[in-house]
Amino acid sequence: MFLGLFSSKRRNLFVRGLHFGKKFTTPTAEDIVFKAVCVNIRQKKWNFLDQLSSSLTDPLISRVFREFRSSPQLILEFYRRIGGRVAILQSLECCSTLIHVMVHHKNYEDALDLLKELMISKGHSPLEVLDALITTSEVCLQSSSNVFDSLVRACTQIGATEDAYKVIKKLKTDNYPVSIHAWNNFLNHLLKIGDVGRMLKSGISPNVVAFNMLIDGACRADDLDLALKLMKRIETMSSGCAYPNEVTYNCIVNGYCKKGKPEIAEEILDKMIEMNVAPNVRTYATVVDGYSRNGYLEEAFRLCNKMVEKGFVPNSAVYNSLVHCLYMEGDISGATLLLSDMMENCINPDRITHSIIAKGLCRNGWINEAVKHHKWIVERNLFGDAFSHNILISYLCRSENIRGAEQLICSMFVRGLIPDVVTYGTMIDGYCKANRVESAVGIYTDMIKIDKNPNLVVFNSILDGFCKEEFVDSSIYLVNEMKKLNMYDAVTFNTVLNWYCCSGKIEEVFDLFTSMREVGLANKVSYNIMINLFCKFGLFEHAKELLGVMLTRGLTPDSVTYTTLVTNLSKKSFSEEVVKLHDYLVIQGVIPDNQTYQAVVRPAIREISPEFE
DNA sequence: ATAGGGTTAG
1 MFLGLFSSKR RNLFVRGLHF GKKFTTPTAE DIVFKAVCVN IRQKKWNFLD QLSSSLTDPL
61 ISRVFREFRS SPQLILEFYR RIGGRVAILQ SLECCSTLIH VMVHHKNYED ALDLLKELMI
121 SKGHSPLEVL DALITTSEVC LQSSSNVFDS LVRACTQIGA TEDAYKVIKK LKTDNYPVSI
181 HAWNNFLNHL LKIGDVGRML KSGISPNVVA FNMLIDGACR ADDLDLALKL MKRIETMSSG
241 CAYPNEVTYN CIVNGYCKKG KPEIAEEILD KMIEMNVAPN VRTYATVVDG YSRNGYLEEA
301 FRLCNKMVEK GFVPNSAVYN SLVHCLYMEG DISGATLLLS DMMENCINPD RITHSIIAKG
361 LCRNGWINEA VKHHKWIVER NLFGDAFSHN ILISYLCRSE NIRGAEQLIC SMFVRGLIPD
421 VVTYGTMIDG YCKANRVESA VGIYTDMIKI DKNPNLVVFN SILDGFCKEE FVDSSIYLVN
481 EMKKLNMYDA VTFNTVLNWY CCSGKIEEVF DLFTSMREVG LANKVSYNIM INLFCKFGLF
541 EHAKELLGVM LTRGLTPDSV TYTTLVTNLS KKSFSEEVVK LHDYLVIQGV IPDNQTYQAV
601 VRPAIREISP EFE
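full-length UniProt numbering puts the first residue of the first sequence at 1, with every later residue one more than the last.
Hints may contain errors.
Unchecked claim - Simulated restraints on C-beta separations:
hint, residue 1, residue 2, range
1, Glu469, Lys259, 42 to 52 angstroms
2, Glu246, Phe471, 50 to 60 angstroms
3, Asp489, Leu338, 54 to 64 angstroms
4, Lys310, Gly520, 45 to 55 angstroms
5, His542, Ala386, 41 to 51 angstroms
6, Asn207, Lys372, 47 to 57 angstroms
7, Glu67, Glu469, 50 to 60 angstroms
8, Lys372, Asp489, 37 to 47 angstroms
9, Pro59, Glu246, 56 to 66 angstroms
10, Glu577, Thr173, 57 to 67 angstroms
Unchecked claim - In silico DSS-like pairs for lysine-lysine, Cα to Cα no more than 25 angstroms straight-line:
hint, residue 1, residue 2
11, Lys229, Lys258
12, Lys572, Lys536
13, Lys271, Lys306
14, Lys524, Lys580
15, Lys536, Lys505
16, Lys544, Lys572
17, Lys271, Lys229
18, Lys229, Lys169
19, Lys571, Lys544
20, Lys172, Lys505
21, Lys544, Lys524
22, Lys536, Lys524
23, Lys505, Lys544
24, Lys310, Lys271
25, Lys505, Lys433
26, Lys166, Lys122
Hints were generated in silico from the structure; no laboratory data involved. Note that the structure is predicted; figures quoted are calculated from it, not measured. The beta carbon of each residue, even a glycine, is placed where N, CA and C say it ideally should be.
Let the sequences and hints guide you as you build the complete structure.
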């Protein structure tokens, strides 16, 4: 019922396994009413409401909502029709369930209306609504964050600014992600209401720190225009109490750097001096990082000289940015040279420096050197956080040196460093990739023992391990447990989809793919898996058709799509069609990589001069 | 109190 994940035969088997010995249960009165209501709704016979209104209990209605969650319009009609008759609809839970369904189907208009109705006509406070939305959030897949966005929007639309803020704050304290949209909406609203007189009345008087938080938030939400507007209006909005300071400017400077415009960031830096707001080391460090992360290393070094001329001393943050950039460019000797310069200038490397060195050496193929460096650091009791260990463990696993990874974990324990979820997750994945699922499960057990909660990534790794080893029962069991925990995503089902393809469960493949599309869990990878399947069967027309569907869904084909299609097509015979397909994919945004070129160039060479190969 | 540098696992 949830996702057509398994063929009905298998599903029954599994359900029976779960309910151990309890094959059939006598339906309760509620079950019977529920059946009757569903039948009537499906046939749109609304008269039944008169007869059954007294039986329409709260849990029953919620159950009906769940049953019809893929038909939002039908539910909405049902809701509107019982609205006039039954008192139950005061129930927050019922309405929240409905809101989840609406948002999940991207019917934001109705969702907003329902939310406003709850707060205005029914008098529920936004925080009560939020609670109800959280408790009913298992109804739909992955729509919670959109639901919260809608709540914030509903608050701002009815003018409840503080409530909108309260909702955001509550989400933050409860560790729910506050989306860019929610922040943007709130910030936009603040701007629209112009003066902060409202805020002042309720005892909130924004100072420059509050504004800086808003401005930084706007920059991180990729809305620089809003950030600039806010900065311009600090004085008027605070009734002359606050002015932009160096932190305000640093936020804007950082905003431009992250947007890929370090040259504008430098202009702002110069303007700060004009405006009598002195730039500080952080300002320079930010712009240096802006230049280096955008590939302008020479400009970055120029700015370093400029800051020294102005009497600033580049600190570890400045060096870290440059060293990191050099490593990413593969310039190991450049990075090493700069690190010795750092030492000569008595700037101590910090834990970030060591992480950069670890990753820089590893990704350039110097894993042994990275391990040596790491030992050197740890022996001197300098830094060693889980983060830098995780980098090394990850690369050791990738290079199939599980033994080395294990030793590193041991040394963590010896030094009293506590492995975190990523450490465990990395090891679990390493074991799974090395076909050692039992060891992976062992680590998983250790992890649970010391009270670390597994997360989605961990489950997906183990699932992949189970599928690869063809532990069918374990895989099915795990997927069902994950669904119960409401912990799954596109990767989960892509793993299963891929497994079905590999083991030739064709009926299951199509059922699952259809379900994934219905609930919005089909992504690029899902399409690639399906395209590959079609190609394997020689169904190129179907494969190309699916490529078309992919494009209409706004999914850009990637190099995997390309390689799959082109390799398979050229296996048949190299033809003009391959070249046509190549051109088409490149126009659609595929960036060919080494493998893709091989896919098209190899067969071409073979065709032109067979003796070449 | 607010601003900079490493995002490691599917």
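**Message:** If you test the structure against every hint from before, which numbers come out violated?
**Reply:** 3, 7, 20
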